[in-house]
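Student: As a plain string of letters, each chain reads:
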Amino acid sequence: MQLELRGITKRFGGFTANDAIDVVVEPGQIHALLGENGAGKSTLMNVLYGLYRAEEGAILLDGVEQHFSGPGDAMRAGIGMVHQHFMLVPVFTVAENVMLGHEPTKGAGVLDLETARARVREISARFGFDLDPDARIEDLPVGVQQRVEIVKALSRDAKVLVFDEPTAVLTPQETDELIGIMRQLKEQGTSIVFISHKLREVRAVADVITVIRRGKVVGSAEPTASSQELASLMVGRAVELTVQKQTAKPGDVALSIRGLSARNEQGTVTLDGVDLDIHRGEILAIAGVQGNGQTELANAIIGLLGGLEGSISLEGRELIGRSVKQVLDAGVGFVPEDRSHDGIVKEFTIAENLILDRSDREPFASGLSLKLGTVREFAEQKSREYDVRSQGIETKVGRLSGGNQQKVVLARELSRPLKLFIASQPTRGLDVGSIQFVHEQIVATRDAGVPVLIVSTELDEVVALADRIAVMYQGRIVDVVAPDTSRERLGSLMAGVVA
Amino acid sequence: MSAVTPPAVPPVEERDRRDGKVGTVVREIMSGSVVLSIAAILLSFVIGGILIAASDEDVQETAGYFFARPGDMLGAILDAVGGAYGALLRGAVFNPRGDNLGEMLGPISETLVYATPLVAAGLGVAVAFRAGLFNIGGTGQIVAGAAAAGWVGFAVDLPPVLHVIVALVAGILGAAVWAGIVGILKARTGAHEVILTIMLNYIALRLFDYLLTTPVLQQPGTVNPISPPVSGDAMFPSIVGRLHWGFVAMLLAVFAIWWLFAKSNLGFKIRAVGLSPSAARTAGINVGIIYVVTFAIAGGLMGIAGSAQILGTERTLTGGIAGSIGFDAITVALLGRSKPFGVLAAGILFGALRAGSRTMQASEGVPVDIVLVVQSFIVLFLAAPPLVRAIFRLPAPGSRATAILSRSKGAKA
Chain A
32 MQLELRGITK
42 RFGGFTANDA
52 IDVVVEPGQI
62 HALLGENGAG
72 KSTLMNVLYG
82 LYRAEEGAIL
92 LDGVEQHFSG
102 PGDAMRAGIG
112 MVHQHFMLVP
122 VFTVAENVML
132 GHEPTKGAGV
142 LDLETARARV
152 REISARFGFD
162 LDPDARIEDL
172 PVGVQQRVEI
182 VKALSRDAKV
192 LVFDEPTAVL
202 TPQETDELIG
212 IMRQLKEQGT
222 SIVFISHKLR
232 EVRAVADVIT
242 VIRRGKVVGS
252 AEPTASSQEL
262 ASLMVGRAVE
272 LTVQKQTAKP
282 GDVALSIRGL
292 SARNEQGTVT
302 LDGVDLDIHR
312 GEILAIAGVQ
322 GNGQTELANA
332 IIGLLGGLEG
342 SISLEGRELI
352 GRSVKQVLDA
362 GVGFVPEDRS
372 HDGIVKEFTI
382 AENLILDRSD
392 REPFASGLSL
402 KLGTVREFAE
412 QKSREYDVRS
422 QGIETKVGRL
432 SGGNQQKVVL
442 ARELSRPLKL
452 FIASQPTRGL
462 DVGSIQFVHE
472 QIVATRDAGV
482 PVLIVSTELD
492 EVVALADRIA
502 VMYQGRIVDV
512 VAPDTSRERL
522 GSLMAGVVA
Chain B
417 MSAVTPPAVP
427 PVEERDRRDG
437 KVGTVVREIM
447 SGSVVLSIAA
457 ILLSFVIGGI
467 LIAASDEDVQ
477 ETAGYFFARP
487 GDMLGAILDA
497 VGGAYGALLR
507 GAVFNPRGDN
517 LGEMLGPISE
527 TLVYATPLVA
537 AGLGVAVAFR
547 AGLFNIGGTG
557 QIVAGAAAAG
567 WVGFAVDLPP
577 VLHVIVALVA
587 GILGAAVWAG
597 IVGILKARTG
607 AHEVILTIML
617 NYIALRLFDY
627 LLTTPVLQQP
637 GTVNPISPPV
647 SGDAMFPSIV
657 GRLHWGFVAM
667 LLAVFAIWWL
677 FAKSNLGFKI
687 RAVGLSPSAA
697 RTAGINVGII
707 YVVTFAIAGG
717 LMGIAGSAQI
727 LGTERTLTGG
737 IAGSIGFDAI
747 TVALLGRSKP
757 FGVLAAGILF
767 GALRAGSRTM
777 QASEGVPVDI
787 VLVVQSFIVL
797 FLAAPPLVRA
807 IFRLPAPGSR
817 ATAILSRSKG
827 AKA
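Protein sequence lines correspond, in order, to chains A and B. Taking our numbering, the leading residue of the first sequence gets 32, the next gets one more, and so forth. Taking our numbering, the leading residue of the second sequence gets 417, the next gets one more, and so forth.
In the DSBU-like style, the derived pairs of lysine-lysine whose C-alpha atoms are separated by at most 35 Å in a straight line are:
# : chain 1 : residue 1 : chain 2 : residue 2
1 : B       : Lys755    : A       : Lys402
2 : B       : Lys679    : A       : Lys427
3 : A       : Lys356    : B       : Lys679
Keep in mind the hints are simulated off the structure, nothing from the lab.
In isolation and in its complexed conformation, chain A is listed as follows:
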């Protein structure tokens, strides 16, 4: 089926998320929509899926104009969506999830699970998915869950499949397998829209690449285009893709973790005997697929996680059992992975966010009262120093761009005397300019002799920043390797394969 989006314009208040976008997806074609976060890709797909209504423009399937007032209409017309965050019920089985929304019945409202199971088996056999219809979703690995999403869409006879950032949660191996699946779908005549900001994958799988920037189509490219060409189309200028840094001059061990173990509320082991040393003046980056214990490791050090076994010692002082405040006072700077949730108070001003950790101490407090003048001076100074772009220090942080929000977090965390700096997903969702700034700050912190722990699920970032890479898998440090280790080897380690 041919899909055409003609002149799609979608506004949110005064902000134009999609500006007269034209895209044509030919039958049996893999069409990549490439763009940075915030470029308008997902908005466009939500328009296509009937979740948003466009102010202008038309959606045509095989030349016939469509009017979708909800995902139901879109599905009936043959459009399927594999969401970035899976829309699956974790406690339901594969078959139950696949039939959800169009449940076959034996009449009188009695569910016909057998038909649903057969359907899962049939589709799964067609693509060699090897899915057990009776497996519960929560027991399945992420890559397999994604296949359930694909089967769900196909079971509704989707002729156009939209993949929204499908590789964000996958290991490199799973990503390769997904690319294989997409090729197979294409051979069977399904049209595919592949949304991504990852140049390598797009170049590997797409037939046609449409680049979107600031809600507009800024060009299309052949998959043979170089990464640099695509990147400069995406961000609108030539970009520096490497991190400038000198060779590390590591000193003594500052942070020493021994036999660190933890369980989550469900009793599942999240950290499994982690041993790790970080030296002064080095960047140690944790690589791994999301959900393999990295978050827990960072939270354990900072004091946010209870019920720990083992030891975490910072320059000889045990950190386990201390409150977050005590850990921060011991000289730990922390950039949390979920910035908007844990790093900032969105409704607070820049100034307020900058003193979030020290509102009750010198020089900002005297007794119970807050010295607002001192707070203001500090905020002015830090905003200048960290180049926080805003309409002033009284601007609510929620109104800043992700990059400027992260600068506020960095300014706060780096303005204490540090003995350890931890940054989780330090550049998640940032534009290229901010990424560069954040990386410079991290390297400068290292060069000042502070041990730095980076947690990132972006392999590219890990490789660019790290002096040593520790790979985590299922709560364990699988190996600690040099940053020039091959991607294939890193990929295997991230999948828990120790060769």
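Keeping the supplied structure of chain A fixed, place chain B upon it in accordance with the hints.
Tutor: What follows is chain B alone, placed relative to chain A:
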């Protein structure tokens, strides 16, 4: 070369949702504009007017021949509604029929008498709101405060000025301790404060009822559940007429709470916890302690309300000492957007409604309940801002700002 590509945006909306619907609703109500509050009040009075008209006998009679003489019915409606609301105003603000200035201004002082516990209790709800907590426990806390203040008032002998001060402090502490239990349980066990406060209301009320039948609180020589009267020097002295010094205590509380949130680091931490407990925790703020302290402060304010009741107007403890103040306080806090001076204004409005409704019933025969209906509609409209905006054709809040927000989050793109 290593390509550094921006990673995926975290699922912002998903996590916000996890923080709980209740918090979101309250935050939305709190961030609404003054215009919206006034619009909600106006609308509620219009609906109140319709109800007054519909239940008026003259209106019903003239409706029978509406098509013959529509003017009759319109006149009757105007009479009924104008009369009722006129009486409301006379009973609440200014009585032009009074013989002297004192009588003329009597209604406004009556309004302030009613407003005193409402504002104090409203602050008790508002402070909790600022920490992201729902304090439904006003009733129990007011009872605890009133019992403590009352007991000091009738059972302890102290010199005149000191007596009332000690009684007030006892009231504040009693309620603060009672509310503090909620904070401790929430901080220690994670129990939800809505359930805790509601249950503690029952416990406080029943315990109080019981104590009123024991020598601890019961008046000697009576079988009724009633305490001895508070000694004269433990009562709030009169300012003018029935208006007592509890009103001044309440005003001081308003200023104290304003200072707390505008100028103090404790207020700063309470606000941080209210807006984002996770960010506060990550920044080293002890969220549990903030919960306990916030509830203690909220309780202390409820204690002022309870003290105003027992030391200002009631003088003897009875089962009905808290009345519906604990619940009206929620309305007051919502209408006042949980801002100290907003709560003051809202409390005075509700006090006026309370004071005026008596005159309205006495002179026009309109039931007092109409005021309750108006109050309820105010809350209803506050909770449904899009409805009010649609009726008054107000612009959506910061449609431009929302756009900037969605752009900076990049989540929608």
